[in-house]
Every structure is written in C-alpha cells, then in structure tokens.
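So the protein lines, in turn, are chains D and F.
If you use the numbering used here, the first sequence corresponds to residues 1 to 191, in order.
If you use the numbering used here, the second sequence corresponds to residues 192 to 233, in order.
Calculated from the structure, these hints are not laboratory results.
Just so it is clear, CB atoms sit at the ideal spot from N, CA and C, and this is done for glycine as well.
Check the hints yourself; a few may be wrong.
[Claimed, not checked] A short list of chain D residues far from chain F (calculated; beta carbon distances all over 12 Å):
hint : residue
1    : E34
2    : I48
3    : V58
4    : E181
[Said to hold, decoys possible] Computed footprint of chain F on chain D, listed as stretches where at least three residues anywhere in the stretch have a Cβ under 8 Å from a Cβ of chain F:
hint : region
5    : 18-31
6    : 50-57
7    : 117-126
[Stated by the list, open to error] Simulated restraints, written as ranges between beta carbons of each label pair:
hint : chain 1 : residue 1 : chain 2 : residue 2 : range
8    : F       : K198      : D       : S56       : 17 to 25 Å
9    : D       : A186      : F       : Y201      : 23 to 31 Å
10   : D       : V174      : F       : R199      : 30 to 38 Å
11   : F       : E204      : D       : R127      : 33 to 41 Å
12   : D       : E154      : F       : Y201      : 23 to 31 Å
13   : D       : T35       : F       : P211      : 18 to 26 Å
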Amino acid sequence: MRHLDDGRPAPTGAAAPDLIEPVVGWRCWGVVRETEGLRLRSLIYETIWPARRALSAVCLKQVILPPGAEGVTRHPAPAAACACGVYAASTLRRATEFIDGYAPTGGIVHRVIGTVALWGSVVEGDRGWRAANAYPRAIFVPQARPGTRDLPAEVIAEGLAGYGVPVEILEAAVRLEIVGELEERARRAAA
Amino acid sequence: MEIGKPKREYTVEPIVDPVPREDPVPERRPEQEPVEPELAPA
C-alpha cells in the first residue's frame, strides 16, 4: 500500500508508480546446491533465490507463527510497520558486515556479494530497503577462504551463470579485501 | 541486515523487466540430405 507523506494511505486505483527504474542495493548470499544446480540463498533464512524468476516477498511471521497469534496480521510484504520484505543495503560496506561470520549451515558451499534490483512496493530506511520483488543484478564471487569448505570461486561462478546476470570472480577472499577491491573497481569505472 | 527506521514507502514499476529472459535457443536448421554426385558423362 502506498502512503502519503503524513502516513495516510494513498488513494488506490490507477495511481502512477513513483519510480520506473528498479531500486538497486547491495546484498550477500550463501550459495547452495539444489537439484537444478547452484543457487543463491539468504544467509539468514532458508529462502532460495530462483533463477530467471523474481523472488517475491511474503511475511514470514505469517508463515512461522500460528494464525491469530498476537501481533500477526495478514498483510502484503513489505509493510512499513513489520520487518518483512526482501532486504538490500544502501552501501557495499553495510551489506558485507556479516559475510565473514555467516553460519555455514543449510548446505552453504560459498558466499557471494552482489547488487540486486528491487521493485513493487518498497520501504526505504536509513540504511537500505525492503521490497516486494527482487532479482540479482550482478554477482561477485570472492576466493574460497583458506581452511574452509568453500568451493573454488571458478566452480561457483560457472554454477551461478544460470541467473543470466554478470558473474565476476574477485581476487579477494575476506571482507575488508572484498570491499577494497570492489571500491577500487568502482573508482576506476568512474574515472 | 537492518535497514533502519522506515523513511519512505513507494511503488516501483520498472519499464524494463529486471529478470533476464532465457537465452534464445538457436533455431535448428533441418539436416540436409546428402546429395548424390552426378555421374560424370561417359
């Protein structure tokens, strides 16, 4: 639902969209093996990002908690008053805060960084967005971290090609190096 | 990941679909029957 600046619901009907280009943010994903190949997965939830199809948000409170549980109301995701929606950070540094410390559960064989397109209903916060729909825009694959079970970056990059977006291998393996490398790339591209 | 306190809410309807389409399958050309070489005139 769209809202006016004073918080009242905007009139519904043939309202024009506020933006005609997707919002682009940053995120990290885990990579897991699925029957159809390697797929992106949320680092927090067991949500698999489908290839060639948008990920559409549902409010997990409504999925996890029993109907009628206190504080659970049916609503489309994202709702400003809830925490639901597909998340993306406004900066690379913010998106990578947890990339070195993710819990290697749920069959995660590597972790990647990327930009993501967000559209539909979008809630904007101080540090990022929650959206109704999302799809990766570009994927960056760090090197496997020494001493872990991360698969080689080349295997991951080849396996994620099915998303149909640019997939690039980084030289870096850990967060500060990853951020430095991507920021240096951005500086060179802007020069 | 936290996005902080909600500031704005808006609707985005991209003109161009952000989901890439499947790569087009190359059209298969029908295999040609081998052509018998014409007999050379005697």
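Where does the structure disagree with the numbered hints, that is, which hint numbers, in rising order?
11 and 12
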